[in-house]
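From just these sequences and the hints, can you work out the full model?
Line by line, the protein sequences give chains Y and H. The opening residue of the first sequence carries number 9 in our numbering; numbering runs sequentially from there. The opening residue of the second sequence carries number -4 in our numbering; numbering runs sequentially from there.
In short, the hints are calculated from the structure, not lab data. Warning: the hint list may mix true and false statements.
With beta-carbon atoms standing in for the labels, derived distance ranges [unchecked claim]:
#1 H:His125 to Y:Pro48: 26 to 32 Å
#2 H:Ala127 to Y:Gly65: 34 to 40 Å
#3 H:Glu224 to Y:Ala56: 29 to 35 Å
#4 H:His125 to Y:Asp86: 43 to 49 Å
#5 H:Arg122 to Y:Lys62: 31 to 37 Å
On the chain H side, residues computed to face chain Y include the following (Cβ under 8 Å) [what the hints assert, rightly or not]:
#6 Trp94
#7 Asp95
#8 Ala143
#9 Leu150
Every beta carbon over 12 Å from chain H, so not counted as near; a handful from chain Y, in silico [unchecked claim]:
#10 Ala57
#11 Lys91
#12 Ala95
#13 Pro96
#14 Gly101
Computed from a prediction, not measured in an experiment: that's the story for all the values here. Each residue gets a CB set at the ideal place from its N, CA and C atoms; glycine is no exception.
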Amino acid sequence: MSVLTVDSDDDRAVLASGRGLLCVMDTTGDTRLMWDPSRPDEVATARAAFDAAKARGMVAYRVAESGERTPETIRDFDPTAAKIILAPALAGG
Amino acid sequence: VNTWGYTPDPRILLTGIWHRWNATTTTAGYSPDPRILLTGTTSATTSTTYRWADPSAWGVGARRVYSMADLDPRAERVWADWALVRSRDDAAIRAGLVWDWDSGEWLEPAVYEARQRERQAAADRARERHQAAALARRAERDAAEARAEHLLALLLTPEQQAEWATHGRFHVTAPSGRVYQLSRGWAGNVAEVDPHTRRRLTRFCIHPRQSLPLADNVAAQLLLLRTDEGRFLATANPGA
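Put into structure tokens, the structure is as follows:
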């Protein structure tokens, strides 16, 4: 069982299902993976995607379902997170 | 190409007059050797009355003037080749053939027309492929931007979403209490504004090094601003 790739834009439905959602920003907008925290194989796959993005220098943020709550930076993959966004590091222009 | 348009090398299109045997011309500028220009000051009928000048001395001071006997032997060979080519080309024209610049050969008119049609069709196909590829790239960019817009929307409050949708910008209060305005853009699109008047105070230039949709860029700026304003300010280049 591999982690499902989320192509639908209905992220809120994913979040409501209790699964976690990982969004890695890229030229396609972002690549999304979702995982079931109770499924070790899905968690492992999501963790691997997280680590790969971190290895490329991306910054990980744990975010809430809406913009009301302040996001947090995280160093390690959190399988209990509802949503994680990996964004590229920024540089002065 | 007319009878005045031949050159020793058919790959070279002659725009002026170059005719050795009709010595009535006074047009200057051409010679069998590209290093030597015909001054065109003669109206004689034999080659010995042609006058040639070194282009390096053209129009300056004492011009060195050559006779045919002075010409580089290589020029004589060029003349001979040219005469041969012209003779062959005259025969081709008399035979009703058409010079094909692309293949460098004389062709029957029907063959020439067929080749032209093939080339046009190939050019049309290439243009269609190019247009299709451009459309596909545009569709990919639009899809990427739509996904990025969706991701950004999930980071915004309803008020910010409305502002973004209406004005292409939104305001966010950082942990320090400072208020920033983030506009749709790539560089220089973040500004600190007065919390009350919303007048712009300082503009910042900060963005990813890699290419991303604009909304992803804004999302990355917003995330850093909300989680580590100090790093944001330390990284960004402030502007006017």
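Tell me the hint numbers this structure goes against, listed in increasing order.
1, 5, 6, 7, 11, 12, 13 and 14
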